[in-house]
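Here's the letter readout for the chains.
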Amino acid sequence: MLFQEAVMNSTFSLVPLVVFLPVLGILLNWLFGKRLGEKGIGSIASLAAGGSFVVSVLLALALVQNHEGAHIPLFTWISVGNLDLSWVFRVDTLSVTMMLVVSGVGTLIHIYSIGYMHEDVRHQGEPKRFRRFFIFLNLFIAAMMILVSADNFLMMFVGWEGVGLCSYLLIGFWFEKGEGGLGNAKAAKKAFITNRIGDFGLLIAIFLIFWNFGTLNFAEVFEMVPAVAQTQPGLLMAITLFMLLGVTGKSAQIPLYVWLPDAMAGPTPVSALIHAATMVTAGVYLMVRTQVMYMAVPGAQQVVAWVGAITALFAGLIALGQFDIKKVLAYSTISQLGFMVAAVGLGAEVAAIFHLATHAFFKALLFLSAGSVILGMEHGLEAGSHEQGGHHDDPQDMRNMGGIRKKMPITFVVYLIGALALAGIVPFAGFFSKDEILVAANQGNMPIFVVLVAAAFLTAFYMGRQVLMVFFGDARSDAAKHAKESSLLVTVPLMILALLSVLGGGLNFPGVHTLEHWLEHTLEIPHAAEFILPIALGSLAVALVAIFLAYLVYGRKPLANAKAADPLAKPLGIFFRWMNQKFMVDELYQAVVLGPYKKLADFFAYPVDQGVIDGLVNGMGSLTVSLAGALRKLQTGFARTYALSIFVGIIAILVYLLTRI
Amino acid sequence: MPLGYFLGLSAFMFTVGVLGVILRRNALVIFMSLELMFNAANLVFVTFASYYQILTGQIFVFFVMAVAAAEVAVGLALMVAIFRTKRSIDIDQMSSLKG
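Chains as they are written, first to last, in our numbering: chain A, 161 to 821; chain G, 6 to 104.
If we strip away everything but chain A, and leave its shape as in the complex, we get:
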């Protein structure tokens, strides 16, 4: 028994490796990457991420023996007065679940990236950037691991900012490309600055916690929450809502979601790893981790639930009007994150984490398959241009696709699995996790339930639309005509993810509830998950009806050619144009926030800075110059004048000394 415990504790102390293995990967690739070639670089990076995954699995196995987990201190970070912040890794069921998702999906995406980036760097004409990509990916894994394994708010914030940095670096990976040579750089900047606004909220929340609780360690803060909720409910409300602002930034919720669709400027594996599966779920993780605080203020929970639900519906509507294959998925991600956030607001944290995990599987799968489609299209473009003489199409526009099912059979099958999982068709993963959220909404808050069902309907509809537009019908461009299946390096990770998307529902299978029993050692679970057959059947029916409708609209009569209008454009009229233009939210922000802000900045830049401040400084300068101009007349250059002035000076001193008395 004692021996077993010792083994377990030594397993727990492996936890720093989940961060240090990716860091080791960075160092190796940084120092020796140039000589290793693409295979070597990719293998090192994938092994580093895979190593993290292995360590996470070991931790999970140890946790099965000892549910309590452990706190593994690494070193003392800040120790001032009563404040004692250490670099402590927290091993509990929640953090290990996140580690498994991040490193598991991350490793698959690393492997996929070897194949994808091999093509991409050549397509973009910059093969030397291959190494940089994998260094950034490993850096991301390290930062994400810090985020999920942190034991205090500040350490978590380090990871939080770290993943934000990686997101910025990877969105702008082809920073000199894009619209007008600036498009990608602008998208990266937009993501970073929008996240700054959210991080400002999170920072205020952390400051408030420190000011009022006197500590930042999770356990100590959570212990004090019930007492504070009694005496200062307003304070807790402020903390949770400021934290929500941070969440809306990182997890792309209304009102700060606008950066995520633009973030698709990054290479596709980045969209899959960072902007679908892992980083954007950090906000959900944060709220689940601090569930004690949210539970103490029902008002804040209401706000959270509504933010999530409205985001889910709103983003679903926009997704319906998009033509870029990745943009559809991006809005779908926002919508699904809305589901998770709503789940947290409804007090169904387990459902949120469940959906987070399954969503990581099937959304990563969808993005990676979309990347495979794009690769195929780019192939087709090159093959086509040899024959047709340079006909350039956007390889990401779904209107240019069609009929890819026959050209890329593997990609088609895995994409279909991902789409069905996302749409919530039994028995795929998304069905179970979405159903759990819907049940929680049904029991907790009827209006939110209605909104979420509508969002689920839209999800199934736009996924049906996308699959039909991309894979069915006839090829609508030369690129689609000449599309070619991707290599095994690309398709094997897809198959693994497809398998996970099929089986993911087993994580928290109705009646067994493995995940719930796993997480109950860390989280408080107010309502045990239930499986309510009418709701499950109802949501399934909604999804099936939506897919059938999509078939009626897009399947029976596919788009005739790449120029044809969307069949929905006519019946929906202006509303479709609105959806296509994202309800003008970007323009609204431009007019309401950015415009006045820029005017204010201009005011400070030109009249204030260049006028007043520069005027003062330049005035001092020119005053000195003119004064010196007057004084230089004294320097005649004649030695005799100097002699005379010395003489006069001596006389003056003498006169002074003699007449002083």
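Calculated from the structure, these hints are not laboratory results. Certain hints may be false.
Beta-carbon label-pair distances, calculated as ranges [said to hold, decoys possible]:
1. G/24 / A/774: 51 to 57 Å
2. A/820 / G/70: 32 to 38 Å
3. A/783 / G/37: 45 to 51 Å
A quick note: this is a predicted structure, and the numbers were derived from the prediction, not measured. Using N, Cα and C, we set each Cβ at its ideal position, and we do this for glycine too.
We have chain A; now place chain G onto it with these hints.
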């Protein structure tokens, strides 16, 4: 002899020296005027030394003379160097440091 005679002579010599430095343009003459001022000072030293019967003043004069000799050596060397480039030792022509 009364003390005043010595001091008067010294004052006269010093004044001539000052005027010479200020009014003349020939660098050599200016040097000579400088020497005149030195010696006016020396004369005062010696006068008071013998008047108060203290040797310090006398010894001081030797130091002044030694330093003056060194100074003249440097000064004349400068003068030669200037003459080589400017072909003149008119002090008013050396005004390139005019502000």
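For each hint, the structure was consulted:
One distance hint, 51 to 57 Å for the beta-carbon pair residue 24 of chain G and residue 774 of chain A, holds here, with the actual separation near 54 Å. Taken as a hint, the range 32 to 38 Å holds for the pair residue 820 of chain A and residue 70 of chain G, whose Cβ atoms sit roughly 33 Å apart. Checked against the hint of 45 to 51 Å, the pair residue 783 of chain A and residue 37 of chain G passes, with Cβ atoms roughly 46 Å apart.
Hint check: no violations occur; every hint is consistent with the structure.
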